[in-house]
Amino acid sequence: MINFGFSINRPRTIDIDRNNLRKSNEIIREMPELQACIGCGSCTATCTAGNLTEFNFRKVHTLVRRGEYQGAYEEMNKCMLCGKCRLVCPRGINTRGIVMLIKRKLGDF
Amino acid sequence: MTFFAKFCIPFIIGETVLFTVLAIKYFTWLRDLPKKDWKLIITNFFSLRSISALGEVISESLLHRRIFKVNPRLGYMHMSLAFGWFLLIFVGFLETIAYLGLRWIPLQGHVFFKYFVPLNGISDHIPAFDFTMDLLLLFVLSGVAMAWFKRIRSRALGMKKTTKHTFFDRIALSALWFIFPLRLIAESVTTSMYGGGSFLTGSIGNALSNILSINTLTHIYEPAWWLYSLALGTFFIAMPFSRYMHIFTEIPLIFLRHYKLQPEAKEKSYDNFEVEACSRCGICIDPCQLQSQLGINDVQSVYFLRDRRYNMLQQKIANNCLMCGRCEQICPVGINLNTLRLNSRSSMRNIPHEGRYNYLRGVDKSFGAGKVGYFAGCMTLLTPNTLNAMRSIFEAAHEQVWWADKDGGVCCGRPLMLSGEVDSAQKMIDYNKSLFAKHQISTLVTSCPICLKVFREEYQLEGIEILHHSEYILRLIKQGRLKIGYQHDATFTYHDPCELGRGSGIYNEPRAVIEAVGKLLEPTHNRKNALCCGSSVANTAISDAQQLTIATKVASELEATGAQAIVTACPLCKKAITRGTQQRVVDLSEIVAQNIKQ
Ligand code: SF4
Ligand code: SF4
Ligand code: SF4
Ligand code: SF4
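Residue numbers (this note's numbering), protein chains in the order written: chain R, 857 to 965; chain F, 0 to 597.
Every clue listed holds true.
Reference listing, derived: stretches of chain F covered by chain R, where coverage requires no fewer than 3 residues with Cβ under 8 Å from a Cβ of chain R:
id, segment
1, 373 to 382
2, 407 to 413
3, 531 to 541
What the hints contain is simulated information worked out from the structure, not anything from laboratory work. Ideal placement from N, C-alpha and C gives every residue a C-beta, glycine not left out.
Just chain R, same shape as in the assembly (with noise of 0.2 Å):
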């Protein structure tokens, strides 16, 4: 394969029905804020622990909204807090206060 520099991600489907929202609409119940989100991809763009792994915050505070648990805690445990993200994104979403929200629905503390 010819290497572009950047990868894609696998097709695949989420079964909103089949999914659990529990969680996911308790999250969305403390900070209704995240459902402004238009997805535009500022926040990974910008993010510091993106920039140095594949960690990709849009995609996992997407994923948690639609009910994909697997794997979210450990991905935002990436996450160093370090607000870049807040301040780039074009709905003012308080983003740091969504991945401590998210890590702590679906982590041990």
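Dock chain F with the ligands against chain R, hints included.
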């Protein structure tokens, strides 16, 4: 001689409860101090530190000098209560000695001395003591009157908001308000029957004996003393569970502080002294911008400490604080409010994750060398103008620079620490430390005050000098390595970043740099009293709109100076203030870079 009457019982119960609870509290707090703290106490105990601590106890616990500085009327209120009461006890003690010689008398004998004088058949009064005691009582009563007045109209004493009370506070407070008026009544009734007293109790006593028959007076005599004793007893029982615990706690706290004990990033026993030394004076409420600009009324330091003390602290309260330090700066007890908030956050969520940040191993692709390391910081990477300006400055000064994080660095760790994840932050600290060591730098320059603070306080970078770019630029100018053309018609105003000013004590360097470029116009709140831009990384609770509200307010104050540009020295402040104004907002380095004389 007898020194007991039935009415003394409430007082005796009160004093017993008070001293028992105090003894238990102090014993457990001291017992649980970490070894390191005990070492400090032992080595410093027999030194001049103990004497200077004693001096501070007098000036703070009794005279309340610092409250005076913040607000003279409030200072007088606290002083008249504390110092006045102390003098009443002390002079009262001398009085008993003068009457009875040096001998042991139970505590109630001292406190209710006026009652026991006629009871023990003493009839020769010493007028000097009568006069002094009346004067002191008047002094205390004036403070009580002010306290009553403050409850009704807090603004009258120069405070916009006054503290909301807990249950024990209410009991203790009501008892305290009544202690001295009741004492006045009891002593006046006594003088009306047995003589003595001076201009206050004496005159009231005279008046009473003119109005009331001797029969009535005998009837109210005992009840008056009962009420006084009840008020005292109630106050003593409620005291160790209420805000008034600060009266005693502040004294050991001052000593421990002089022995160099401090709160740390993790909770420890010493924190109890700081937490309970808070008098809930409420002075910390007014400066809080979350209160004044956003109307959030339950997160300020006074409430945070109260909740923490009674074990009812909620995460959302602990998290909702900018850690701007405006309250810490003004707190008359000098409590380390930021550190306490930090270690509360730490115990509320710091469960280290073993594998966390293991990815840091192997991410280092850095190259290049230079004796000066420049760590821009995450936020500076988002303000490329600052980066470019720094590049021009380094070039103009012919400095050899190693750019530490240009192509993706690791965060300094402070944002994570501020969220209470102290152990995890350590992994970043270790990473960056080894990076600095690898490149053998002797000076570390950063443009971000958040990074600066953690570099200075947590990194322990032996042999590396840590500078904020304002300090660094000023040094270049002073050494003549950087020549700047002064602009005669340029005016600037300066916003003190919290982490740089109150956080790191750097106020003069940025100002000196700005004055090398043009005229500096100061805003209303500056230096120690500077406002927070509202976007602090320490706060993960307020929304974007709320951040903007604060930023707009701060910006309007800066605009009001009429300066052509708003200058700051923190990338985060710059971003925040830019959102709140149409005015030009620049980093310090930008105005320097634009005016370099080749
Ligand atoms: S706070 Fe976390 S998610 Fe946001 S940019 Fe920094 S590392 Fe990435
Ligand atoms: S920057 Fe904001 S709007 Fe864009 S993907 Fe991230 S969270 Fe969503
Ligand atoms: S924290 Fe300080 S300023 Fe605030 S109420 Fe307590 S003693 Fe007063
Ligand atoms: S540090 Fe600032 S935001 Fe936090 S309570 Fe004090 S004044 Fe308010």
